[in-house]
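Chemist: Sequence:
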Amino acid sequence: MKPFDLLILVLFGLLLILFSPIILFVAAYAYIKDRIGRWRFRRYLATNEGATFFAYTNKASSKTYVEGKILPCLSHDTKIFYLASKKGRVNMGDDFGLLAYVVSAMRETEGGFPYISKIKSGELVTESINNRLYSAVRRGSDAELVVERVRRFFTS
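Numbering (my numbering), first residue to last: 6 to 161.
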């Protein structure tokens with residue numbers, strides 16, 4: 006090992022020792038914040054039985070179709086998530102902090118956006134309508150089949 010490499014290694018070790026209290030504090034804070042967020046999300050699921058969600062992205066090939074043909078057909082109490090970037094843009098009022106947990110739970114489902122979700126028995130049940138939607142967009146067909154699938158999912 007060269008002397009310069011050894012010096013770099015020693016400096017890195019000293020910096021690690023010096024900043025370890027800060028690193029431990031930040032790690033503990035992140036852990037506690039995550040635990041509280043998960044607890045709030047479970048409580049949100051338990052207290053909002055039957056709530057429905059529709060999440061779509063700003064992908065150019067589907068955004069206009071979704072906004073023009075699908076969103077007007079959804080129930081007024083369906084929460085719409087328009088994910089315009091990685092962080093997303095949506096208004097859930099006091100529950101805004103839970104958006105990350107809702108979208109994260111949606112992404113665990115196979116498929117891709119758009120997703121439809123509902124809270125049933127304290128669980129977030131999610132389905133991807135990606136294939137149905139893009140088939141309708143490519144064919145230029147009416148959105149009635151997609152809307153009907155969304156309605157059946159929400160009522161089942």
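Heads up, some of the hints might be wrong.
Once the Cα atoms are required to be at most 25 angstroms apart in a straight line, the calculated DSS-like pairs of lysine-lysine come out as [stated by the list, open to error]:
(1) 64 <-> 38
(2) 125 <-> 84
(3) 123 <-> 74
(4) 68 <-> 84
(5) 84 <-> 123
(6) 68 <-> 7
(7) 125 <-> 64
(8) 64 <-> 74
(9) 84 <-> 74
Read the hints as simulated data drawn from the structure, not as lab findings.
Chemist: For the pair supplied as a hint, residue 125 and residue 64, confirm whether the alpha-carbon distance does not exceed 25 angstroms.
Modeler: Violated, at roughly 29 angstroms.
Chemist: Would you check the hint for residue 64 and residue 38, treating anything up to 25 angstroms between C-alpha atoms as holding?
Modeler: Violated, because 32 angstroms separates the two Cα atoms, which is more than 25 angstroms.
Chemist: Hey, residue 68 versus residue 84, does the alpha-carbon distance stay inside 25 angstroms?
Modeler: Holds. Residue 68 to residue 84 sits at ~17 angstroms (cutoff 25 angstroms).
Chemist: Holds or violated: residue 84 and residue 74, Cα atoms, limit 25 angstroms.
Modeler: Since the Cα atoms of residue 84 and residue 74 sit roughly 17 angstroms apart, the hinted pair holds (cutoff 25 angstroms).
Chemist: Could you grab the alpha-carbon distance between residue 64 and residue 74 and see if it respects the 25 angstroms cut-off?
Modeler: With a Cα-Cα distance of about 15 angstroms, the restraint between residue 64 and residue 74 holds, given a limit of 25 angstroms.
Chemist: With the threshold set at 25 angstroms, check whether the alpha-carbon distance from residue 68 to residue 7 stays at or below it.
Modeler: Roughly 57 angstroms separates the two Cα atoms, so the pair is violated.
Chemist: For residue 123 and residue 74, compute the direct alpha-carbon distance and say whether it is at most 25 angstroms.
Modeler: 21 angstroms, holds
Chemist: Run the distance test for residue 84 versus residue 123: straight-line Cα separation, threshold 25 angstroms.
Modeler: At roughly 10 angstroms apart (the allowed maximum being 25 angstroms), residue 123 and residue 84 satisfy the hint.
Chemist: Verify the proposed pairing of residue 125 with residue 84, using a straight-line Cα cut of 25 angstroms.
Modeler: 15 angstroms, holds
When each numbered hint is compared with the structure, violations occur for hints 1, 6, 7.
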